[in-house]
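K.L.:
Starting from the given sequences, assemble the full structure and let the hints guide the process.
When the count follows the numbering used here, it moves up by one through the sequence shown with no breaks and lands on 163 for the last residue.
Read the hints as simulated data drawn from the structure, not as lab findings. Be careful, since some hints might not be right.
Straight-line alpha carbon distances no greater than 20 Å define the calculated SDA-like cross-link-like pairs of lysine to any residue that follow [what the hints assert, rightly or not]:
| id | residue 1 | residue 2 |
| --- | --- | --- |
| 1 | LYS85 | SER133 |
| 2 | LYS85 | ASP60 |
| 3 | LYS85 | GLU63 |
| 4 | LYS85 | ARG57 |
| 5 | LYS85 | ASP37 |
| 6 | LYS85 | GLU141 |
| 7 | LYS85 | ALA53 |
| 8 | LYS85 | ILE101 |
| 9 | LYS85 | HIS75 |
The following label-pair restraints were derived from C-beta to C-beta distances [said to hold, decoys possible]:
| id | residue 1 | residue 2 | range |
| --- | --- | --- | --- |
| 10 | GLY119 | SER82 | 16 to 26 Å |
| 11 | SER163 | SER49 | 33 to 43 Å |
| 12 | ASP43 | HIS113 | 34 to 44 Å |
| 13 | ASP142 | LEU114 | 17 to 27 Å |
| 14 | ALA111 | MET79 | 14 to 24 Å |
| 15 | ASP37 | PRO97 | 17 to 27 Å |
| 16 | GLU67 | ASP156 | 14 to 24 Å |
| 17 | ILE101 | LEU143 | 31 to 41 Å |
| 18 | PRO97 | THR161 | 15 to 25 Å |
| 19 | THR70 | THR40 | 14 to 24 Å |
Virtual Cβ for every residue (Gly too), placed ideally from N, Cα, C.
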Amino acid sequence: MTTTPTTTAAPDEPTAYDLIGGESAVRALVDRFYDNMEFEAEFATIRAMHPADMDGSRDKLFWFLSGWLGGPQLFIERFGHPRLRARHLPFAIGTVERDQWLRCMAHSVQEIGISEDLQMRLMQAFYQTADWMRNTDS
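P.N.:
Take a look at the structure:
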């Protein structure tokens with residue numbers, strides 16, 4: 026089970042989706058994430074795990090994050106339950122891959138101007154999810 030940024034939010038509090046700025050901000054985050062992955066050498070290991078054309082990856086992460094952050098459940102509407110770990114089992118994910126993914130996401134949330142408090146909250150939830158995705162000891 027993964028932790029989401031909305032796991033502990035009270036029903037009357039804005040969701041992480043709201044706080045980040047909704048659809049346009051989630052799209053900006055995803056685009057920044059994949060741009061960083063594509064053009065920054067430090068993310069070469071995780072870039073190699075993706076297809077040459079990452080448009081489908083961008084869309085799937087956008088759809089997933091929209092719901093994970095407390096917004097519209099776009100991924101579930103299209104594909105059903107995310108089954109994150111099962112969907113990623115074909116890829117060897119160890120601490121190197123986890124840490125590259127987290128660094129890429131940390132750069133991205135900072136670069137799009139998310140508040141420091143929300144950055145911390147998001148990165149804690151991202152860490153728990155990314156760590157849960159590990160399927161190898163390397």
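K.L.:
Compare the structure with each hint and give your call.
P.N.:
Status of the hints after comparison with the structure:
1. This hinted pair checks out: LYS85 and SER133 have alpha carbons roughly 17 Å apart, not beyond 20 Å.
2. Between LYS85 and ASP60 the alpha-carbon distance is near 15 Å, which keeps this suggested pair within the 20 Å criterion.
3. For a cut-off of 20 Å, the pair hint linking LYS85 to GLU63 stands: about 17 Å separates their Cα positions.
4. With a CA separation close to 15 Å, the supplied pair LYS85 and ARG57 stays within the 20 Å bound.
5. Only pairs whose Cα atoms come within 20 Å are accepted, and LYS85 paired with ASP37 is rejected, the gap being roughly 28 Å.
6. Simply put, LYS85 and GLU141 have alpha-carbon atoms about 26 Å apart, too far for the 20 Å limit, and the pair is violated.
7. Between LYS85 and ALA53, the direct Cα distance comes to roughly 14 Å. Compliance with the 20 Å bound is thereby established for this hinted pair.
8. For the suggested pair LYS85 and ILE101, the alpha carbons sit about 10 Å apart, so the restraint of at most 20 Å is met.
9. For the hint pairing LYS85 with HIS75, the CA-to-CA distance comes to about 12 Å; that is within 20 Å, so the pair holds.
10. For the pair GLY119 and SER82, the beta carbons lie near 20 Å from each other, so the given range of 16 to 26 Å is met.
11. Taking 33 to 43 Å as the suggested C-beta distance range, the pair SER163 and SER49 conforms, at roughly 38 Å.
12. In this structure the hint that ASP43 and HIS113 lie 34 to 44 Å apart at CB is violated, the actual value being about 28 Å.
13. As the Cβ distance of ASP142 to LEU114 is approximately 34 Å, the hint placing it in 17 to 27 Å is violated.
14. In this structure the hint that ALA111 and MET79 lie 14 to 24 Å apart at CB holds, the actual value being about 21 Å.
15. In this structure the hint that ASP37 and PRO97 lie 17 to 27 Å apart at CB holds, the actual value being about 19 Å.
16. Distance hint check: the CB atoms of GLU67 and ASP156 are about 20 Å apart, consistent with the given range 14 to 24 Å.
17. Our hint of 31 to 41 Å for ILE101 and LEU143 is violated, since their Cβ atoms are close to 23 Å apart.
18. With their beta carbons about 33 Å apart, PRO97 and THR161 fall outside the hinted range of 15 to 25 Å.
19. Look at THR70 against THR40: about 32 Å separates their beta carbons, and that is not inside 14 to 24 Å.
The structure does not agree with the numbered hints 5, 6, 12, 13, 17, 18, 19 stated previously, though it agrees with the rest.
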